[in-house]
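Asker: So the chains spell out like this:
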Amino acid sequence: MAAAEGAGGRESLWALLGRTPLSLRIGAAILIVHIVLAATGPFWIPYGYSQMGAGMPLAPASLAHPFGIDQLGRDVFSRVMYGGHIVLILSLSGTALGLVAGSLIGLWSGYVGGLLDSLVQRLLEVLISVPFLVMALLAMVAAGPELSGNPFLVVLVVALVYAPRIARMARSAAIEIATRDFVTIARLRGESAWSVMRRELLPNATSVLLVEFALRAGYAPVLVGSLGFLGFGLRPPTPEWGLMIAENRSLLLIAPATVLGPGLALASLVVGLNLFTEGLARILGRTVKLGVQQ
Amino acid sequence: MTKLVEVEDLTLSYRAGASLTRVLHGVTFHIDRGEVLGLVGESGCGKSTVGLALLGYRYNSAVIERGRIMFDGGDLLQLDQAALARIRGDRIGFVPQNPTTALNPSMRVGQQLAETLILHGRCRDTAAAARRTTELFDLVGLPQPGRILRRYPHELSGGQQQRVCIAMAIACDPDLIVLDEPTTGLDVTTQEQIIALLVDLRARLGTSMLYVTHDLGLLAQIADRVGVMYAGSLVEVAANRTLFAGPRHPYTQGLIASVPRIDDPDGIGQRPLKGLLQRGELPPGCPFAPRCDYAEAACAQAPQRLEPVKGNHVVACRRWRDIARHHEGEGRARRPARHIETAASLLHAEGLTLAYGVRHGLLGRLFPGKPSLVVRNLDLDIAPGEVFALVGESGSGKSTVARAVSGLLKPTAGSIRLNGKALAPLVGERSRDERRDIQYIFQNPDASLNPRARVGTILARPLAMFGSGGGMREAIAAALADVRLDQSYAGRYPDELSGGERQRVAIARALIAQPSLLLCDEILSALDVSVQASIIELLRKLRAERDVAMLFISHDLSVVRTLADRVGVLFRGVVMEAGTVEKIFSPPFHPYTLSLLEAVPRIDSEPRSDFLKTDSAAEQPDGKGCAFAGRCPWQLGDICREQPPPWRQPDRGLGIRCHLPLDELRGIARRSDIPASKGAVS
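Line order of the protein sequences matches chains W and A.
Numbered by our numbering, the letters in the first sequence go through residues 1 to 294 in order.
Numbered by our numbering, the letters in the second sequence go through residues 1001 to 1682 in order.
Since the hints were made in silico from the structure, they are not lab data.
There may be inaccurate statements among the hints.
[As the list claims (entries may be wrong)] Computed far set for chain W versus chain A, every beta-carbon distance over 12 Å:
(1) Leu97
(2) Ile128
(3) Pro131
(4) Ile175
(5) Glu191
(6) Ser195
(7) Leu202
(8) Val222
[To be verified] Derived DEER-like restraints, expressed as beta-carbon distance ranges:
(9) W:Gly113 x A:Gln1649: 41 to 51 Å
(10) A:Gly1470 x W:Ala193: 51 to 61 Å
(11) W:Leu115 x A:Met1465: 44 to 54 Å
(12) W:Ile283 x A:Asp1125: 49 to 59 Å
(13) W:Ala193 x A:Gly1395: 28 to 38 Å
(14) W:Ile35 x A:Arg1108: 53 to 63 Å
We treat Cβ as the ideally placed atom computed from N, Cα and C, and that holds for glycine.
The shape of chain A in the complex, shown without the other chains:
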């Protein structure tokens, strides 16, 4: 194979005022023709900057200090803007992270693609471009390409928009496609479809790719080789299998250990990454030395060069020979299986129906409007101290349930009881104790902390509202200690904290009120994988130390598996399956649960491509029957679409809402390749 791309000693800085901040330190790698190279690392490691550099693009403040980017024999850095513009889109395609902002909202998608084709002289006129566009849309698996090309971006689902972006990237048969986190904003089932599409396209077109992501599990499925970046340096490059089987760099080992494993719920946190990347305090030598378990004094002195381990496996660690191979955690204490008897109930919701756009009062009675139903007839029971996870893809109504429980949204029907007492529908009508008992933690700590208030002030408010007297200062210090933060943090502003620290503060703010129920709304999804691992660890400790129940909302089944006692699987506002965590993750499965489980990218799995043509948007609107009927590969026929499925209980502690007989559901599970769970009791 010949080398298509050769990046040599690329060193790049950003100018901030008079000073330069170096973001890439002598990055060197190559991509062969037809090869997929994955770049992985925590946010801020410079992986996207590398991706953009391959397009010959750099931000205005970027200064290239040294290095070459050879693309097919020519140096991209020597080209002028006009020459770069000819190459971009023609020989190098780009797939952005967020297709919603990448597509022009005021242009039909077909037109946008035709523009590229005509600009690069691939098609002479609009008629030819339209024909080619139809072909391309068909190639990327868009249903009815002839009709889709007349749509505007907002008329397409997120997955379809990303398919359009991919079609645009491959439009001119490029030699290389740069993909910058192309599935990060998508649902897990959509993500799987996009990955399957990319694997398929690559097999058919033989295009080289640079796949930039923070998700190791994804790279395991698509990349030939994987490069691990840390603080602007490549620290390890190896073939896919080699890297995951035997990572040599301590950082890679920590990163792999941080990924929550669905088949090994207790594996997380065994070898967590210590500390955080702090750009200002990097030593002249190995940037990872301050966080490394194996660091010696010499590590921080001299820069580490990539040296070969075996074949094309290279690692930038002078001690790689001394570091024992990534050892499997042995003899670890398994999480005690908790069986909380449901004799006592902390939160009990019955027949909960939730809708947005409902008008109340006289006006509402006269002009009811068109409310959109989000959650239908939901029953929920959470015992004191129990962690109940609600999973489902976006739009399934998970967060809406939390909003109703917290009193932000008035249910259309149904009741919510806390400790046996009915709760008022809106928070303004609830008592002080009821408000204290339920605390909400939001997804994004950047938005949930007042940027103009110090951490101490943020924590002082709930104390002033709900506190039982006593020393404010001590209580704040104790709350910070609970979330493993030093008490000096009380004097800081949120923008002086990292993302993980901010989420810790948000957790502390909820805990300081001494609640009995925490509503955790996707609290991990805005965080890096290593930070995620430490927050999961924190939540598990809190669960053991305190008697606080959680309604844990997440789309990430691996995380749910490591944390939850019981799980409810929500689809279109209907609970499809509910039960204890062991029973949910072992057969029989509801078909929807199964599709979610299969979609989870795993480090040790092959990519699948049989999901290619099913698109989550191509579904029937809600009818009388099963909400999942439009997407279910095993549906029985009309009965699924016409009649509401029954709630069956195959086992104590498990319920499934499906028409299929239980034996059949067990059979489905056997045919799929869901890993027999290591830790399951079943």
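If we strip away everything but chain W, and leave its shape as in the complex, we get:
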């Protein structure tokens, strides 16, 4: 009787894991496989990513070459494995940059309000209304030919696409938090806008921003891939997945594995990231709800 009351206490890590949503667990498993492969791939792949003569060009998939051989005689499987870390790093750092810039702009704009906020918001709306590929193209043109194919440019484009969208989320969070009394107290104390943002707004917006980061990161590999596919991204022979799909797309009927391989890698990464995000959002949503009820 009394045991039922006092029970609870500290749960083991496993019990805690058992209560997480299934989507989070599946998503995390897929992500872990991807990260492990991306981190170790360059060290164990049987052929170099640009090594020609790995087999008969356009040979079908086999045990030795699971994704077949491309036109130039390169092992597609080795290229996909090697390219994993490139895709991951580009996507995550682009999203992270977008998150930092977006949250700064959004929190500030939401807290300051007034005319400045309206101006910033209209500007962001203009940026959001430009389709992402057009935006990417504009950025490439603006950067000039000498920067073309530079990975930093890809990161910058991803950030440029995401920052306005993240800024809007951060702004709405800031507006909500800024109405709470502790922010009023800080204002009465005479804190600067920067101090209020850092000490009062940001800590209370973390769950919103975390979900936002995961959500955007889930789509970033597609962005990076699309850039590569259209030739705005990295240059050959970099084994970036989108670029590989573009290079091999004419072989779709002759050697389908060379397209399906990188396609599968890209798709599974995106699915994994999205499942993970969905679970994460549900956890954060749940804890927030619990907090309200108490």
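Since the structure of chain W is already known, use the hints to place chain A on it.
Answerer: The following block gives chain A in isolation, referenced to the frame of chain W:
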């Protein structure tokens, strides 16, 4: 009388993860036909859970371990959902705490009531339902019922919304009505009207009620019997008079002593309840033992059963015979009457006019918009170290004054001076010292403390801004000690603290800046009565120890009486009466002050029902005359509505804004039943 409801050994737990938290421990009670049973206790004691259980409702995570709820011979716990749905609303009515969320905002109120009537087969068609709805609205004292039933909820005042909810609860002539804190969100004058309505309905319909509340004073007016709950157990049940005259359980005694008494401002804090309810650390025996003055080792061992004292007075305390009857505090030191000479003035506001929705700048000059005037031509004077209380119902502009003083709202007209120097209207233009001098404490500590910052961090910010150097850690420890908190609290997050502890932290944050004026905006109204008592105690000590003035904003006259030096009574942004606390609480009264005083529920008073039909929303909009004219029972006629009333000063230290001659005002007071104040000097 036969028993309508019999609850036997009801034991209920909430499931949280894999573990169960027990919230009701073998609760046993009954309600006779036509009887009103009150359930009272601090928040979290399980009183609302009992109320909901009587409706056969429980949260998804609730598990009923044992017990029966017999309603008119059948066990509610054995019924399926369909059978329960037939009983609810038909034989058992429910009045919720918050009518604003209980009513569907997108449906006309008449339609919502008709829905209930038709669903339970009380009316065949909509025409019949509309007729019945009109009758019901008339019964609950809604003016012009035929018109009200076509209104949407947001077009009604809070009191009117609650009347609609009550009409809905009684629509099908239920045998029982469960009321869950039905007046908690309402103003004191509205609350009185609702209580009068319930007393009246009960006399006419003879319905049984279960009235769940935290307010003992209310139960004194409406309940036949009162059950006191503590930590999920009933600890004492007795007839109304018996309980208030001779409470036996130490918890009941402490609870009654915690209620601020308007007729006994110094009585509070004489027998305060120690500590707090901590669910995790309850002993297997009496749950109150850790906080009890009379506890012995044996108390914590064996569970206490309700045993009869006399008649139907039962108490769950094995030592009730040993505990001396609730002794009146004798020979206590009376609060020294403080007379602060107004030679020096700390805060001086003159001709303050405040409005929301004012546009500034060029745009404002071209398109002035429609600002809503909240405070008109207000003068305010607070001496150093003085506690000035501003009272009034919600919407009277009390908090708006505090916002203007703090620099959050720019006055439309008038000036505010601090120590003789004019203050800039907005906080951004004030100097560091001016900002330090005025500190704001908000009503709700949940919202005023950053949930992601530790208490130490929260206290460190004002120190960093205003501190005069010296050890940060020591200063924080000292600030926590000032509000009677241990210094280990510095490492905790706000959600690890109780409501009262959070408010203490908020007070400490204001004090650590060494202000000369504290703006206390309803800082007690979000707290439980026993916690309230301890915070009042703290504020009184602080007032004695430090030379800090307070602008104390409250709607609770009893609290004001225990704390304030001077009081201003605000109605619709106009000061109706102002003066020292003794003079405010003794005749002559302004008619509005009188109505506020009469509305305060008192433990030893009979309910009144002559306020039934006056509704606070049925008033004229502001005109040239007296703001209170629409509601004043003693108004003289046109003069009140047309001409602004004069400011009369019947006595040194008292001012009244009224057309009525002073002798008449004294006469009004004599006719009313305001208790001759025990401690008043007058």
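Asker: I'd like to know which numbered hints this structure contradicts. Please list them from smallest to largest.
Answerer: 5, 6, 7, 10, 11
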